[in-house]
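Listed below, chain by chain, are the residues.
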Amino acid sequence: MSTGDTFLPRRTAQQPKLPPPVKLPPSLAGDPSLPYPAIGTELHELRLQIPGVQGSVLGGVDGLLIAHDVPDTLDPDDLAAMAAATFGLGRQVSLRLGQGQFRQSTVRNEAGHFSVYAVGPHALLSVVGADAINVARLHLHAPPVAERLAKLLAPA
Amino acid sequence: MANLDTALKDAMTIDGAIGAALVDYTSGMTLGVVGGTPEIDLTVAAAGNTDVVRAKMRTIEMLKLNDEIEDMLITLGGQYHIIRPLTGSNGKGLFLYLMLSKTRSNLALARHQLRTIEEQLEL
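If you read the protein sequences in the order shown, they are chains X and C. Using the working numbering, the letters of the first sequence correspond one by one to residues 1 to 156. Using the working numbering, the letters of the second sequence correspond one by one to residues 1 to 123.
Keep in mind that the hints are not guaranteed to be accurate.
[Stated by the list, open to error] Some chain C residues judged to face chain X by a derived CB distance under 8 Å, without partners named:
| id | residue |
| --- | --- |
| 1 | SER27 |
| 2 | THR43 |
| 3 | VAL44 |
| 4 | ALA45 |
| 5 | ALA47 |
[As the list claims (entries may be wrong)] So the derived label-pair ranges between C-beta atoms look like this:
| id | chain 1 | residue 1 | chain 2 | residue 2 | range |
| --- | --- | --- | --- | --- | --- |
| 6 | C | LYS64 | X | GLN49 | 29 to 39 Å |
| 7 | X | GLN99 | C | ASP41 | 19 to 29 Å |
| 8 | C | LYS9 | X | GLU110 | 30 to 40 Å |
| 9 | C | THR26 | X | PRO19 | 23 to 33 Å |
| 10 | X | ALA132 | C | GLU70 | 15 to 25 Å |
| 11 | X | PRO71 | C | LEU107 | 38 to 48 Å |
| 12 | C | LYS64 | X | GLU110 | 26 to 36 Å |
[What the hints assert, rightly or not] Here are the computed lysine to any residue pairs in the SDA-like style, where the Cα-Cα straight-line distance is at most 20 Å:
| id | chain 1 | residue 1 | chain 2 | residue 2 |
| --- | --- | --- | --- | --- |
| 13 | C | LYS92 | C | PRO38 |
| 14 | C | LYS9 | C | ARG115 |
| 15 | C | LYS56 | C | SER101 |
| 16 | C | LYS9 | C | GLU68 |
| 17 | C | LYS92 | X | ALA132 |
| 18 | C | LYS92 | C | GLN120 |
| 19 | C | LYS9 | C | TYR80 |
| 20 | C | LYS92 | C | GLY35 |
| 21 | C | LYS56 | X | PRO51 |
| 22 | C | LYS92 | X | GLY90 |
| 23 | C | LYS56 | X | GLU110 |
| 24 | C | LYS56 | C | GLU68 |
| 25 | C | LYS56 | X | ALA132 |
| 26 | C | LYS92 | X | ILE50 |
| 27 | C | LYS92 | C | THR37 |
| 28 | C | LYS56 | X | ASP131 |
| 29 | C | LYS64 | X | ASP131 |
No lab work stands behind these hints, which were simulated from the structure alone. C-beta: ideal position from N, C-alpha, C; glycine also.
Build out the structure end to end from the sequences listed, making use of the hints.
Right, here's the structure in full:
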């Protein structure tokens with residue numbers, strides 16, 4: 001069996017053609033130019049307006065905390081990260097179904113709710129609620145809050 | 001026996017009816033809505049009245065009355081709002097919400113008709 005002239009030419013390793021890395025906007029977290037008092041008021045108002053809201057967190061889509069209004073029993077950094085994870089799943093679903101931008105996602109557990117609302121394209125508002133929370137009222141009230149928060153974040 | 005759509009349609013045939021909804025008071029969301037006006041968003045009314053129903057149920061519980069709500073009447077300047085929790089085993093946690101024009105309705109008759117609709121409603 002002769003293999004003398006059937007050797008394949010030696011190939012050099014090829015670099016796969018990758019698109020240039022995406023330029024990500026700087027993280028909103030830790031930006032000192034944001035209007036934190038106004039953001040804090042919005043988050044605080046949400047807790048006052050709807051009975052059953054235990055706390056709310058404003059985070060970036062990168063999972064980093066921007067501002068929060070939660071009691072000591074909840075970890076705001078964890079909530080911001082979980083919001084980003086929820087957003088990731090929501091975005092994949094929306095991309096696959098061709099349904100546009102992510103808007104809102106709610107997880108209902110045995111003893112409570114966790115809702116995530118899109119705040120513009122780069123931030124997320126997450127709300128932790130008791131089981132007895134009036135979800136319909138939250139869904140009516142939170143999107144305008146998210147819209148106002150998006151305006152507050154816009155100049156940044 | 002009537003299904004949800006028929007029941008809501010029947011509710012709209014009550015004299016003076018402006019709008020009707022079947023609402024889940026554990027979440028405040030509506031299972032069905034008919035009527036309403038451009039100014040009156042029945043989903044907003046449903047979410048708000050969920051708090052009314054819950055507050056009254058809690059009060060009855062706190063007073064240890066060991067009873068339940070048959071219906072609730074809220075009288076406005078120009079409207080009647082009737083809330084009727086469902087009593088059937090498959091209607092737990094739901095209430096019917098009916099908005100009536102005060103000038104065009106007969107309250108006693110409307111209340112009677114709403115009771116009939118509620119009794120016949122099957123989900």
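Provide an ascending list of the numbers of those earlier hints which the structure does not satisfy. 4, 9, 13, 15, 16, 20, 22, 23, 26, 27, 29
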